[in-house]
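J.: Here is what each chain is made of, one letter per residue.
There are 2 protein chains.
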Amino acid sequence: MVNSTTKKWMIKNGTFTILNNKQSIVKGYMLIENDLITYIGEEKPSIDEEIPVIDGNNLLFLPGLVNTHGHAAMSLLRGYGDDLALQIWLQEKMWPMEEKFTSKDVYWGSSLSVLEMLKGGTTTFLDMYDHMDQVANVVQESGIRAVLTRGVIGLCSEEVQRQKLQEAINFAKDWNGQAEGRITTMMSPHAPYTCPPDFFTQFVQAAHDLDIPMHTHMSETRSEVAQNVADYGLRPVQHLEKLGMFTRPSIVAHGVHLTDEEIEILAKYNVGVSHNPGSNLKLASGIARITDLLKAGVTVSLGTDGPASNNNLDMFEEMRLAALIHKGISGDPTAIPAAEALRMGTIYGAKSLFLDSVGSLAPGMKADFIAINTDQAHFIPRTDFISHAIYSACSKDVEHVWVNGKQVVKNGACLTLDEERIRHEAQSAFEGLLNR
Amino acid sequence: MVNSTTKKWMIKNGTFTILNNKQSIVKGYMLIENDLITYIGEEKPSIDEEIPVIDGNNLLFLPGLVNTHGHAAMSLLRGYGDDLALQIWLQEKMWPMEEKFTSKDVYWGSSLSVLEMLKGGTTTFLDMYDHMDQVANVVQESGIRAVLTRGVIGLCSEEVQRQKLQEAINFAKDWNGQAEGRITTMMSPHAPYTCPPDFFTQFVQAAHDLDIPMHTHMSETRSEVAQNVADYGLRPVQHLEKLGMFTRPSIVAHGVHLTDEEIEILAKYNVGVSHNPGSNLKLASGIARITDLLKAGVTVSLGTDGPASNNNLDMFEEMRLAALIHKGISGDPTAIPAAEALRMGTIYGAKSLFLDSVGSLAPGMKADFIAINTDQAHFIPRTDFISHAIYSACSKDVEHVWVNGKQVVKNGACLTLDEERIRHEAQSAFEGLLNR
Numbered sequence: 001m002v003n004s005t006t007k008k009w010m011i012k013n014g015t016f017t018i019l020n021n022k023q024s025i026v027k028g029y030m031l032i033e034n035d036l037i038t039y040i041g042e043e044k045p046s047i048d049e050e051i052p053v054i055d056g057n058n059l060l061f062l063p064g065l066v067n068t069h070g071h072a073a074m075s076l077l078r079g080y081g082d083d084l085a086l087q088i089w090l091q092e093k094m095w096p097m098e099e100k101f102t103s104k105d106v107y108w109g110s111s112l113s114v115l116e117m118l119k120g121g122t123t124t125f126l127d128m129y130d131h132m133d134q135v136a137n138v139v140q141e142s143g144i145r146a147v148l149t150r151g152v153i154g155l156c157s158e159e160v161q162r163q164k165l166q167e168a169i170n171f172a173k174d175w176n177g178q179a180e181g182r183i184t185t186m187m188s189p190h191a192p193y194t195c196p197p198d199f200f201t202q203f204v205q206a207a208h209d210l211d212i213p214m215h216t217h218m219s220e221t222r223s224e225v226a227q228n229v230a231d232y233g234l235r236p237v238q239h240l241e242k243l244g245m246f247t248r249p250s251i252v253a254h255g256v257h258l259t260d261e262e263i264e265i266l267a268k269y270n271v272g273v274s275h276n277p278g279s280n281l282k283l284a285s286g287i288a289r290i291t292d293l294l295k296a297g298v299t300v301s302l303g304t305d306g307p308a309s310n311n312n313l314d315m316f317e318e319m320r321l322a323a324l325i326h327k328g329i330s331g332d333p334t335a336i337p338a339a340e341a342l343r344m345g346t347i348y349g350a351k352s353l354f355l356d357s358v359g360s361l362a363p364g365m366k367a368d369f370i371a372i373n374t375d376q377a378h379f380i381p382r383t384d385f386i387s388h389a390i391y392s393a394c395s396k397d398v399e400h401v402w403v404n405g406k407q408v409v410k411n412g413a414c415l416t417l418d419e420e421r422i423r424h425e426a427q428s429a430f431e432g433l434l435n436r
Numbered sequence: 001m002v003n004s005t006t007k008k009w010m011i012k013n014g015t016f017t018i019l020n021n022k023q024s025i026v027k028g029y030m031l032i033e034n035d036l037i038t039y040i041g042e043e044k045p046s047i048d049e050e051i052p053v054i055d056g057n058n059l060l061f062l063p064g065l066v067n068t069h070g071h072a073a074m075s076l077l078r079g080y081g082d083d084l085a086l087q088i089w090l091q092e093k094m095w096p097m098e099e100k101f102t103s104k105d106v107y108w109g110s111s112l113s114v115l116e117m118l119k120g121g122t123t124t125f126l127d128m129y130d131h132m133d134q135v136a137n138v139v140q141e142s143g144i145r146a147v148l149t150r151g152v153i154g155l156c157s158e159e160v161q162r163q164k165l166q167e168a169i170n171f172a173k174d175w176n177g178q179a180e181g182r183i184t185t186m187m188s189p190h191a192p193y194t195c196p197p198d199f200f201t202q203f204v205q206a207a208h209d210l211d212i213p214m215h216t217h218m219s220e221t222r223s224e225v226a227q228n229v230a231d232y233g234l235r236p237v238q239h240l241e242k243l244g245m246f247t248r249p250s251i252v253a254h255g256v257h258l259t260d261e262e263i264e265i266l267a268k269y270n271v272g273v274s275h276n277p278g279s280n281l282k283l284a285s286g287i288a289r290i291t292d293l294l295k296a297g298v299t300v301s302l303g304t305d306g307p308a309s310n311n312n313l314d315m316f317e318e319m320r321l322a323a324l325i326h327k328g329i330s331g332d333p334t335a336i337p338a339a340e341a342l343r344m345g346t347i348y349g350a351k352s353l354f355l356d357s358v359g360s361l362a363p364g365m366k367a368d369f370i371a372i373n374t375d376q377a378h379f380i381p382r383t384d385f386i387s388h389a390i391y392s393a394c395s396k397d398v399e400h401v402w403v404n405g406k407q408v409v410k411n412g413a414c415l416t417l418d419e420e421r422i423r424h425e426a427q428s429a430f431e432g433l434l435n436r
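Line by line, the protein sequences give chains A and B. Mapping of the first sequence onto the UniProt record's numbering: position 212 corresponds to residue 212, and the numbering continues sequentially without gaps. Mapping of the second sequence onto the UniProt record's numbering: position 61 corresponds to residue 61, and the numbering continues sequentially without gaps.
Watch out, some of these pointers could steer you wrong.
Put simply, identical chains are the same to the list, so a pair is met inside one copy or across any two.
[Stated by the list, open to error] Pairs of lysine-lysine, BS3-like flavour, derived with a Cα cap of 25 angstroms:
no. : residue 1 : residue 2
1   : K164      : K100
2   : K22       : K93
3   : K27       : K406
4   : K164      : K27
5   : K396      : K410
6   : K27       : K8
7   : K8        : K406
8   : K12       : K410
Hints listed in this document are in silico derivations from the structure and should not be mistaken for laboratory results.
My request is simple: use the sequences and hints to build the entire structure.
T.: Have a look at this one:
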């Protein structure tokens with residue numbers, strides 16, 4: 001819609017989702033200067049020079065969606081072993097294949113996922129995996145924003161532990177702030193049940209030294225919680241508190257099985273929880289206590305988890321699941337209203353990832369936003385666009401996507417990645433894994 | 001793809017979902033003669049004459065989806081009052097507006113829904129509402145297949161009851177078998193809590209007289225079950241058994257709150273249950289005991305319910321919800337595997353609606369089928385197309401739709417309905433309801 005060299009441009013006739021306390025929608029104008037939104041309002045802003053203007057008629061503009069937990073490269077294992085018991089799925093399907101992943105596999109698997117995410121309106125994602133340089137390359141090329149972290153499993157010799165920790169530190173140092181500031185980094189011991197306490201604390205120390213946040217899997221299944229109690233005499237939240245993790249800004253993934261006391265601790269330390277409803281349901285992990293977490297003041301965001309346990313990267317689906325399942329479980333149809341689900345998928349996500357200028361449409365925020373075409377049967381009548389976005393929309397309704405002020409998806413097509421090649425290379429990578 | 005006058009035509013290079021016990025996918029050819037599928041197989045069928053052939057490369061063919069419970073015209077109230085307590089939603093939002101619905105409103109509301117359903121791959125739907133002649137007109141014009149029934153609320157004088165019953169009988173008589181056989185009819189007292197027993201039994205008698213099946217809402221909420229026990233000393237299933245409903249072929253909608261004994265009775269009489277997961281979650285009605293129903297041998301199908309409580313008519317979403325939530329609730333990741341969810345959305349739906357020749361791709365079945373384009377990021381790698389259809393697809397992945405051998409959607413556009421006009425008229429109808 002605009003030339004990539006344009007510094008200042010405007011949308012007219014748009015419907016903008018601002019979701020502040022007083023007002024959820026503004027119809028009118030949005031002004032973008034370089035990578036920032038500088039104005040949203042009903043009145044046309046007064047500008048001296050001629051600037052490009054695009055017509056936002058019949059488009060609903062939303063903040064770009066923020067996916068706070070995943071393993072992008074696992075798209076190569078999408079549909080490879082579904083509907084199996086968890087241990088069979090992991091031990092016979094996922095782990096033997098993941099062991100064979102090369103840098104190249106991670107590059108194409110991550111490309112496939114970033115392509116799907118951008119086209120589906122996700123403008124920021126957190127990724128925890130191995131061969132992270134390749135994921136960072138994909139982020140750089142694609143124009144997406146990302147929080148990247150080398151997830152380390154510590155069930156190995158001390159020497160290998162040291163190597164992996166150093167690799168995680170090097171990656172976090174090298175890439176923090178890269179790609180025009182679109183990449184930030186974290187330290188991620190994979191989980192309390194895969195990292196012995198003394199190894200876990202080395203990540204806490206590294207996060208302090210580098211002054212970056214921490215991420216880990218926590219309390220995803222009943223059995224891992226029971227194991228934690230058996231091994232350390234503590235449930236996972238108390239265990240991580242004891243290891244000092246929460247002295248750093250932190251976000252934990254899943255948090256399905258939590259006691260009241262654990263919820264209080266998470267609230268006290270401002271620990272964010274990445275709720276992964278699709279993955280938690282599909283793997284039969286259970287249903288997280290999201291309404292209780294929100295009531296306690298915990299910042300709850302949404303993640304798809306890896307595409308092998310979801311099996312897509314549709315954040316509209318995660319927002320809808322969050323809005324639906326907690327009503328059904330609680331018996332309260334007012335639980336997690338549409339606007340709250342949208343906040344979980346946008347501003348709460350940005351807050352959880354410690355990105356202050358992302359996640360809402362407002363002057364001073366990064367120009368990360370998406371447009372969906374509301375002139376479609378499932379958005380008629382035009383009653384409540386927030387409801388429509390949560391209860392009716394899907395990722396394929398996304399027409400245009402901008403990140404950092406640059407358009408990356410136009411009329412449903414990705415401008416920055418070679419879709420046909422990525423599909424081909426990802427398919428080949430999967431076949432290669434099968435055959436070696 | 002083919003001229004509508006063609007009697008015999010073929011698809012080559014297709015991937016066909018046959019879902020029988022031995023095999024789920026066939027790659028090869030499908031032959032269609034008039035309204036029937038006459039061949040599916042790997043080998044090219046030997047045909048003497050020249051017939052039109054379409055290339056099914058990169059297309060996954062599935063049986064058309066079967067939506068077994070809904071109120072299409074309620075699309076006019078989509079997004080009009082979400083996230084409210086049930087009684088406020090009904091008494092302050094739905095009922096005052098529905099009271100104002102005219103025939104014209106029902107026509108445009110139903111047109112909007114049928115448009116959305118066809119484009120999303122639904123080829124058969126059950127509709128229970130008022131002004132049913134209008135719904136039948138839409139079915140006739142659009143080319144969709146439907147089971148139509150005038151839903152009658154009996155909380156009125158005996159005279160009005162008589163009028164409504166007669167209207168339901170007349171509609172069922174007049175339209176059964178119409179629209180080249182695409183329309184069948186049922187008798188539908190709205191629910192045990194809205195139809196006094198002696199009125200309910202008159203519907204049973206009429207269904208016997210007309211030799212057609214019955215449909216009703218049953219056990220959707222805890223409070224209606226409690227009310228049934230208080231009023232009649234019986235839970236709803238025993239109550240309906242006593243009223244003789246199950247002497248007719250029957251399908252009940254919802255069935256959320258059921259005891260073991262009630263499940264046994266449903267199984268004994270072969271009563272189908274239309275599971276409406278999206279609506280049950282959104283209205284916080286609860287989560288139906290679907291794995292127990294299936295274990296007991298009950299035919300469980302899927303319905304969207306009305307678009308005001310969903311808020312879309314995406315049967316892919318209902319299949320995915322069915323596959324996901326019962327895993328999450330039971331803690332068993334093998335509960336309702338992808339293939340079973342697909343059967344619930346297709347063949348079990350057809351069986352529930354007593355349509356013997358609909359719901360699967362096989363010789364002798366009606367040519368009701370859909371094609372989704374698998375050459376997309378979220379369907380790569382090509383591991384398991386059934387998994388992809390359930391866990392990754394959405395209604396907007398549907399490219400082509402055929403009903404009764406005729407193409408009704410081509411490249412995502414509906415060939416039989418005027419989409420732009422329907423959107424406009426539906427929006428006007430909603431505004432008219434607001435203003436009068």
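J.: When the hints from earlier in the document are held up against this structure, which numbers fail?
T.: 4
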